[in-house]
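**Student:** One-letter residues, chain by chain:
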Amino acid sequence: MKIFSLFSGFVLTLALFDAAQAASSPTANQQQIARGQYLARVGDCVACHTARNGQPFAGGLPIQTPLGKIYSTNITPDKETGIGNWSYDDFARLMRHGETKAGYAVYPAMPYPSYSRTSDADMHALYTYFQLGVQPVSQDSYGNTIPWPLSLRWPLKIWRAMFAPTPAPYADAGDEEASVALGAYLVEGLGHCGSCHTPRGVALQEQALTGEGSSIYLSGGGAIDGWIAPSLRNEHGGGLADWSVADIAEFLRSGRNQRSASFGAMNDVIVESTQFMTDRDRTSIAAFLKSLPPRQTDAKPYAYDNNISQALYAGRVSGAGAQVYLDRCAACHKSNGKGNGKAFPALAGNAVLQTGDPTSAIHIVLSGAAMPATRAAPSALTMAPYADVLNDQQIADVVSFIQTSWGNSGGKATVDQVAKLRKTAVPVSARGRTPGTSG
Amino acid sequence: MADIKMKPVDAVIVGFGWTGAIMAKELTEAGLHVVALERGAYRDTYPDGAYPKTLDELTYLQRWKLFQDMSKTSVTFRHAGSDSALPYRQIGAFKPGEGVGGAGLHWAGQHWRVHPEELKLKSHYQEKYGRKFIPNGMTLQDFGVTYEELEPHFDFVEKMMGTSGQAYWVKGQVVAGGVGNPFEADRSDNYSLPRQKTPYPAHLFEVAARECGLHPFQEPSANVSQPYTNQYGCQMGPCNFCGFCSGFACYNYSKASPNVNILPALKQVENFELRSNCNVLRIDLDSTKKKATGVTYVDAKGNTVEQPAALVIASTFAYNNARLFLLSGIGKPYDPTTGKGAVGKNLAYQTMSSVRMFYGPGKNLNGFIGAAGNGVALDDFNADNFDHAPLGFVGGGPVWCNPTGIKPISGIPVPTGTPKWGKNWKTAVKDNYTNTTSFEVHGSNMVYADNYLDLDPTYTDSFGQPLLRFTFDLKDNDIRMSRYITEQMQKVAKAMNPKSIQTSVMQIGDHFDLRPYQTTHWAGGVAMGLDRSTSVLNRYLQSWDVHNVFAVGSGVFPVGIGYNPTGLATALAYWSAKAIREQYLKDPRPLIDA
Chain C
78 MKIFSLFSGF VLTLALFDAA QAASSPTANQ QQIARGQYLA RVGDCVACHT
128 ARNGQPFAGG LPIQTPLGKI YSTNITPDKE TGIGNWSYDD FARLMRHGET
178 KAGYAVYPAM PYPSYSRTSD ADMHALYTYF QLGVQPVSQD SYGNTIPWPL
228 SLRWPLKIWR AMFAPTPAPY ADAGDEEASV ALGAYLVEGL GHCGSCHTPR
278 GVALQEQALT GEGSSIYLSG GGAIDGWIAP SLRNEHGGGL ADWSVADIAE
328 FLRSGRNQRS ASFGAMNDVI VESTQFMTDR DRTSIAAFLK SLPPRQTDAK
378 PYAYDNNISQ ALYAGRVSGA GAQVYLDRCA ACHKSNGKGN GKAFPALAGN
428 AVLQTGDPTS AIHIVLSGAA MPATRAAPSA LTMAPYADVL NDQQIADVVS
478 FIQTSWGNSG GKATVDQVAK LRKTAVPVSA RGRTPGTSG
Chain U
8 MADIKMKPVD AVIVGFGWTG AIMAKELTEA GLHVVALERG AYRDTYPDGA
58 YPKTLDELTY LQRWKLFQDM SKTSVTFRHA GSDSALPYRQ IGAFKPGEGV
108 GGAGLHWAGQ HWRVHPEELK LKSHYQEKYG RKFIPNGMTL QDFGVTYEEL
158 EPHFDFVEKM MGTSGQAYWV KGQVVAGGVG NPFEADRSDN YSLPRQKTPY
208 PAHLFEVAAR ECGLHPFQEP SANVSQPYTN QYGCQMGPCN FCGFCSGFAC
258 YNYSKASPNV NILPALKQVE NFELRSNCNV LRIDLDSTKK KATGVTYVDA
308 KGNTVEQPAA LVIASTFAYN NARLFLLSGI GKPYDPTTGK GAVGKNLAYQ
358 TMSSVRMFYG PGKNLNGFIG AAGNGVALDD FNADNFDHAP LGFVGGGPVW
408 CNPTGIKPIS GIPVPTGTPK WGKNWKTAVK DNYTNTTSFE VHGSNMVYAD
458 NYLDLDPTYT DSFGQPLLRF TFDLKDNDIR MSRYITEQMQ KVAKAMNPKS
508 IQTSVMQIGD HFDLRPYQTT HWAGGVAMGL DRSTSVLNRY LQSWDVHNVF
558 AVGSGVFPVG IGYNPTGLAT ALAYWSAKAI REQYLKDPRP LIDA
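Protein chains in written order, with the numbering used here: chain C, 78 to 516; chain U, 8 to 601.
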């Protein structure tokens, strides 16, 4: 995959500057492009706007929505099929209001309600990058498969009127230091973390777009492709209460830390976006997340319980789930559930296993899981799938076991849940850049 | 003529095993645009070594999943120049690897350095035992590089592989109460991880060996003892003693391999490209025959492809560098009648023996628990750690008890005298399966004027190129060495107090037998050295004849050594890479005038 080959060699700089000045000199333009390129990574534009094995930003990636399949559009500066003819105002209107140059409203899969928070300076930088820093590709956008009448565009305008707030651009204070405010800007804005991690309402709208005045923001989203996006709030019961700012920043940088490892849909975010952020930005994001007070105020802090560990060590196997665990899992994750360093993640106390919904745990057992290969941690350590090894009952047993052992407070799994997920679970493929590997 | 001509690159690497991966890492770090060509398939821990499918003796050991496809190419063998050579059609005595990771993916994980005197075997024996001690026809040579020069690279490799062990010395000081190997040469640092746990059979061996006045120690193991992250950011997980190491891809990220310890880092850089299923036919030379212009290979689709490159690294499996040099016209082929020429000379193997102890029911040695790179070893009979003067042979070998897991199809050992089938055989299997263990004598094999490699006049591979021909047999010197050590070790076997002992050792006059597995440790063919008339490469592993060609791997050893070759081959690769980075790239020319 060559997605990032365009970017190599650029020195990313975080210096913010006056957008008006930018156009005035080639150097300023280069700075604009570099800043825009960086922001495009923060926004993870490439993730949706590049088809598998496709040209960067040329669109064509199918995105499953509850309404049907939609395809991302070509955002390269090609004048015919891309956005080469768009003015800055056209670009900004799309990013802030979800309205295209042609005047129709886009599907809210495009997180413009979040992008609207982007400052004018950053918006200019993004525009400059997409016009001057991206290779134009001539590729028509695909038609969508959303059936009539859901395919009508005009209701999207009503949706927009109801759920997309008036943009409130952030004024960058220009701090060199990491700050909660900068974190909020990145998380609520280009980072669009809420797209997955905030619960959605009946009209698929995110129930909150900012951390201010609402404890529902980032309190955990529903299942997306069989993965549960957990709470990112500073709370027990599946949130980030036990993670320090450094833990979060390390996770975003390398895809793993001493407490856990990334899996599922988050792998793409780390590989394409967060690993390229500056330490300041990652630390700011972490500080902001840690500043979000708990929504589940009654969730108890995790405390390690030694009973299971002692029983297993002594050969006392209490049930079917414990037996499967000993036979199939303990060699890596250990009978004490503490795993092995950053190689084999701990299950005891793992935030993923403190949630009521065991979807993610079932999915990992069925499909396996791979850590994202990053520059900081290039090993895509992979747990192989168990779909062909364990039946639905065994998986329900072992997932229930790990969700409730060593002090974990997660929900138990049922055979029906496993059977349902089995229908769509595919074996894991390791996620990471593989420049030039062929054959 | 090539069907396709690729854009020139800075360096092309032929073969992506341990030494090819090391060169790729080093040269990309130096900023070169590097293309690596691997004859076999792309392979990674997942899915090729995925649990539980990798725990499959039939697929991996009996059907040779990770080994060379002998239907496409092989080598031919004969015992003497007067015989006709025949192809090696089924994997037997040795197991050449194929695919990304090469033999480094299916190795056991025994990670040794070298004894300093083995790097200067000829001069050491001559000085200590006199010129006449070395028998006629034994063509010993020195490597041309010293242990002190290689020490930083040995240390680096141990840190790259997460090697788990306990040093005896560090910087001349005995450490950890001297529980390490007292015969080990001095080191700049301890191993990168604490020594592995001792399996029960190895513990019995250790106790018995100590009772016999020998010096057992926990082997340095590349089956690691703890979670580990190496210099490249590549991660490993601790070994769980599943016993599926040699012949398998470790599913647990516990056994060091190019795939686990280097390739993940290479995947992160833009100036590296790995092309698998690409068989290199030859290194191309310009009209002067003193400079390589690149390589020609056949890709997966059957296209003949020319890959121009400013620098060529030959890092094929052991002896295949000799074949590549012969096919390319690099260096002077060895002529056994005149003794002149060096390509194909210095061919060495190992001389193996084993001693097995049977205990009968109730001992519960549980030999299925193990890791092939882990065990207890002793070096009392290795290298020149014992006085050879009264013994009259050259060489030696380490001895180790490394329970590697019992593989049912390969055979479940039963005591001598057990019927080959039927009720009594079944009873013996039942009685002994968990109640037997063995130790090995991993002896050296010297080099001889009439053991050599050349191109076969009859047999060709699927690309129409001649196979490599081995003219090779065992010699009295090595069999006497092996018999001596094996005899000395009988007292250890007895001290382990089994019901019966079964010893497998060569008899004087035995010929090399290609059928039973012995070891994959071939060396030589493109020897390094100080004298261009007796070596193919200079001390920096640079071709004497074509200065932009370097060769790495055990093929560069001018003599056989006692230990397994991986530790020395990988350290030499870093040594060569250092010379390329610090000297050759600044001024491409022969690094040694000759």
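Just so you know, the hints here were simulated from the structure itself, not pulled from any lab data. Even glycine gets a Cβ: it sits at the ideal position worked out from N, Cα and C. Hints may be right or wrong, so weigh each one.
[To be verified] Derived list of chain C stretches under chain U, where covered just means 3 residues or more per stretch with a C-beta under 8 Å from a C-beta of chain U: (1) 412-422; (2) 453-461.
[Unchecked claim] Here are some chain U residues pointing at chain C (derived, C-beta under 7 Å): (3) Ala87; (4) Gly88; (5) Pro271.
**Student:** Have a go at the Gly88/U hint: is there a Cβ in chain C nearer than 7 Å to its own Cβ?
**Tutor:** violated, 40 Å
**Student:** Hint Pro271/U vs chain C: min CB-CB distance below 7 Å?
**Tutor:** holds, 4 Å
**Student:** Is the coverage entry for the segment 412-422 of chain C by chain U consistent with the three-residue Cβ rule at 8 Å?
**Tutor:** holds (count 5)
**Student:** Regarding the hint that Ala87/U lies at the interface with chain C, is the smallest CB-CB distance below 7 Å?
**Tutor:** Since the shortest Cβ distance to chain C is 41 Å, the answer is violated.
**Student:** Does the segment 453-461 of chain C contain three or more residues whose Cβ lies closer than 8 Å to a Cβ of chain U?
**Tutor:** Three-residue rule met by the segment 453-461 of chain C, so holds; n is 8.
Against the hints set out earlier in the document, violations occur for numbers 3, 4.
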